Amino acid sequence: MQKLVVIGAGMASGRMLEHLFEADPDAYEVTLFNAEPRGNYNRIMLSPVLSGEKSFEEIVTHDDAWYAANKVTTRFGEAVTGIDRARKVVIGANGEVPYDKLVIATGSAPFIIPCPGHKLPGVVAYRDLEDTNAMVEASARPGAQAVVIGGGLLGLEAAAGLRLRGMEVTVLHLMGHLMERQLDEAAGYLLQKDLERRGIKVICRASTKEIRGTDRVEEVLLEDGTELPADIVVMAVGIRPAVQLGKDAGLEMGRAIVVDASLRTSDPDIYAVGECVEYQGNLFGLVAPLYDQAKVLAKSLLGQEDTFKVRQLSTKLKVTGCDLFSAGDFADGPTREDIVFRDPARGVYKRLVLEDDALVGAVFYGDTADSNWFFGLIQSGEDVSAMRDTLIFGPAYQGGAAADPLSAVAALPPEAEICGCNGVCKGTIVGAIAGGATDLGALRASTKASASCGSCTGLVEQVLSVTLGDAYAAPRAQPICTCCELTHEDVRLLIKSKELKSQPAVWQELGWKTPNGCHVCRPAVNFYLLADWPLEYQDDLQSRFVNERKHANIQKDGTFSVMPRMWGGITNPAELRAIADAAEKYKVPTVKVTGGQRIDLLGVKSEDLPYIWRDLNAAGMVSGHAYSKGLRTVKTCVGTDHCRFGTQDSTGLGIKLEKILWGSWTPHKVKLAVSGCPRNCAEATCKDVGIVCVDSGYQVGVAGAAGMDLKETERLADVASEQEAIDLTVAFIQLYRENAKYLDRPYKWVKKVGLDWVKARVVDDLAERARLVAAFELSQTVYRKDPWAEHAAEQTDRYTPIADLTLEAAE
Amino acid sequence: MNWIDIGAVEDIPLRGARLLKTHAGCIAVFRTAEAEVFAASNSCPHKGGPLADGIVHGQKVTCPLHNWVFDLNTGEAQGADTGRIAVYPVQLENGRILVDLSAAEQRSAA
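Quick mapping for you: the protein sequence lines, in order, are chains A and B. For the first sequence, the working numbering begins at 1 and goes up steadily by one. For the second sequence, the working numbering begins at 1 and goes up steadily by one.
To be clear, the hints were calculated from the coordinates, so they are not data collected in a lab. Warning: the hint list may mix true and false statements.
[To be verified] Residues on chain B that point at chain A, a partial pick, calculated with CB under 8 Å:
hint, residue
1, Val-9
2, Glu-10
3, Leu-14
4, Arg-15
5, Leu-19
6, Leu-20
7, Pro-50
8, Asp-53
9, Val-56
10, Asn-67
11, Thr-74
12, Gln-78
13, Arg-84
14, Pro-89
[As the list claims (entries may be wrong)] Heads up, simulated EDC-like pairs for lysine to aspartate or glutamate below, C-alpha to C-alpha not over 16 Å straight-line:
hint, chain 1, residue 1, chain 2, residue 2
15, A, Lys-299, A, Glu-337
16, A, Lys-496, A, Asp-532
17, A, Lys-247, A, Asp-267
18, A, Lys-741, A, Asp-557
19, A, Lys-656, A, Glu-722
20, A, Lys-605, A, Asp-557
21, B, Lys-21, A, Glu-722
22, B, Lys-21, A, Asp-695
23, B, Lys-21, A, Asp-269
24, A, Lys-3, A, Asp-100
25, A, Lys-751, A, Glu-722
26, B, Lys-47, A, Asp-557
[To be verified] According to the in silico footprint, chain B covers these stretches of chain A (three or more CB under 8 Å from chain B):
hint, stretch
27, 507-514
28, 644-656
29, 799-806
All values derive from a computational prediction rather than experimental measurement. Glycine included, C-beta positions come from ideal geometry on N, C-alpha and C.
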């Protein structure tokens with residue numbers, strides 16, 4: 001058997017070995033050197049490891065078992081010191097290995113700015129697991145600060161990961177805008193704004209003068225005199241091919257090791273692959289061309305003909321929430337024309353560059369949904385003059401196709417590339433699906449589509465969906481937590497169908513792996529049980545988050561806030577007097593008027609809670625449930641009582657709704673509003689349920705949001721009478737209680753099930769509406785009560801110490 | 001050992017906790033099962049969250065502020081978080097909870 005020696009166990013050589021063993025497992029006896037003390041892992045997934053979204057084990061491509069199965073002799077952690085071409089041996093630190101064929105895959109080394117202090121401990125590159133671990137370690141210190149030098153792909157992924165770890169992060173970039181090689185100025189600006197919104201500070205045109213510190217890095221000094229304190233400095237300013245071995249061996253060199261289209265160097269028995277090669281003057285840093293090279297090299301080693309071609313590349317940034325895409329060439333030029341689309345409110349920027357009626361470059365920020373279609377046009381170079389007027393709006397506007405999100409994928413030609421990392425086109429995926437790979441896992445195994453950076457997972461799923469139609473079952477959602485293997489939806493169904501009416505029944509029947517759950521599943525299961533079995537199941541306070549257990553909101557110093565209900569935002573002098581008295585009596589440090597039209601008393605001690613409640617109860621007030629996953633407030637405007645524009649009694653309707661709904665538990669908090677006219681002073685159109693009164697009656701909207709997301713309500717129905725408006729509201733909330741996942745606000749739940757599904761049950765099916773209203777009322781016979789009064793009377797123990805040993809000792 | 005009777009086991013809700021005030025600071029006394037109790041520092045080492053207000057599960061408690069989880073046997077933070085809370089000897093005798101605070105008092109005297 002011929003002897004093959006490979007120097008470097010990175011992604012390119014790893015992929016080459018896979019192709020080689022697949023084609024002919026017995027062609028070579030392989031020895032693999034690696035300077036890192038481990039085998040091949042998916043280096044582009046270090047970002048999720050840094051941010052904590054993945055563990056290192058999850059990104060290992062080849063483990064010991066794989067090397068053993070393929071009879072690879074591994075020499076990991078051992079440096080190669082030379083190549084003797086005359087004797088055909090590789091010289092390792094622990095001895096020589098003879099070769100018949102040699103592959104150099106030494107990759108690249110990070111470029112380190114040779115400024116004073118660059119060798120201090122705490123200055124790292126972002127290249128391998130050791131660097132990543134150093135960053136994770138630095139982030140563990142409270143209040144730790146990081147400086148990332150370099151605002152390119154790698155630097156920004158490092159910055160985002162460190163920020164997710166809780167560090168204060170500053171990115172220094174030498175050029176005028178971020179990612180200047182992939183983005184133009186406008187897109188760079190949007191990216192910078194998005195990063196700053198995430199708490200990452202960006203300084204452009206920043207030139208590093210010196211890194212200071214005694215034992216380790218302490219601060220970074222810029223040329224303009226700015227001093228930035230730093231616990232860690234990450235240099236991500238670029239890479240250069242690691243080619244010393246090739247150079248010393250006397251191979252033909254350019255900027256890297258020169259190879260021909262079969263990846264052969266100037267020595268016919270030596271090949272090179274990956275970031276250390278130069279082909280036709282090009283260097284390579286992204287993974288897609290490296291995988292192309294790996295495929296060609298495997299064939300070359302087996303004596304088969306194949307040639308490596310340089311192709312167009314596209315880039316996506318793997319930072320959650322920053323959607324950007326760039327491809328092709330977008331430099332200005334006299335023969336080039338731009339088409340630009342901006343939507344400042346949504347932070348969307350799209351730019352197409354045309355030359356000779358063909359698309360040559362594209363930059364998208366904020367909306368990259370159609371990027372593959374545009375990338376296809378760049379690669380094919382086809383004449384786009386016929387659709388030039390509507391080109392920037394994407395494939396949905398070419399030929400009047402429907403706005404179905406799947407139609408864009410359905411319209412892609414078979415040769416359109418879906419997975420950029422692995423160069424997998426749609427046709428290959430469709431072929432694999434026909435061959436029996438009918439889920440994501442099987443497709444990854446057979447085609448590698450979405451198996452590297454994973455950013456095309458959604459597209460691959462859409463291809464599955466388009467190809468299989470209804471036969472495609474969407475991938476299983478995540479289990480609730482590590483205590484069980486069931487999703488929220490499964491648990492809800494099983495609680496109903498198996499009639500499980502206690503938490504121990506759920507743990508036992510549904511195979512919980514922990515004795516009594518955890519802080520994630522216990523509150524969810526408690527809610528599902530009380531929603532489905534209001535009479536049989538008793539609410540378990542110990543399965544509630546502290547706020548719901550103590551009926552007050554915990555503050556960062558361990559004190560609580562107390563907020564009495566003000567029905568529909570209406571109060572009176574007696575109530576205000578009682579609130580003022582309570583605030584004085586219990587030395588409340590902060591009294592705050594809230595956005596929900598009531599008054600919050602902040603900074604109350606735990607042991608005072610039952611007493612302040614008793615005082616407020618005495619003045620006729622009850623808990624405002626400002627702490628619960630339940631009905632919060634019904635915000636109103638003054639309506640016909642006082643307002644010259646009011647069309648209905650919005651205050652009266654708000655009070656009625658609040659009196660019906662209060663005390664109910666829901667999957668997440670529920671906020672309502674009723675506005676007396678379309679001027680909408682109660683801001684009803686961003687609530688979970690928002691009613692806008694008009695002359696002809698009531699417009700009932702649902703599924704709005706004004707928190708993490710901002711979303712206008714969608715119209716459930718227009719009705720003529722107040723009673724119908726109330727019934728629709730109650731039925732909608734009960735349907736939400738019966739079906740939504742715990743901690744999904746109504747807008748998220750409606751997005752999952754679809755508004756039409758909700759309308760069919762709440763609006764169209766009158767029998768179902770009546771059932772929902774009755775079911776809600778049944779539950780309310782248990783829960784429409786004041787927990788403050790109950791706790792103040794019976795449960796004061798909960799709020800006081802079990803014993804106070806400081807008193808005894810004082811006697 | 002200096003065992004102090006602080007109350008009956010039923011005084012603490014099942015899978016709940018009560019505070020114990022001492023000269024050395026507040027201690028949380030947890031009831032993890034019908035007849036199983038633990039005593040530990042009430043203050044989370046992360047941001048000082050009151051652990052007696054956390055959700056008790058298995059022989060662990062989750063801090064109500066930022067969901068750090070502590071093993072009540074060792075006091076060690078679980079998972080990716082690193083930190084430790086002081087734990088104190090505690091035993092049940094005829095339904096009464098006895099704690100030994102000599103370690104806590106030494107700590108405060110030191």
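Which numbered hints does this structure break? Of the numbered hints, 1, 2, 11, 12, 13, 14, 15, 18, 21, 22, 23, 25, 27, 28 do not hold.
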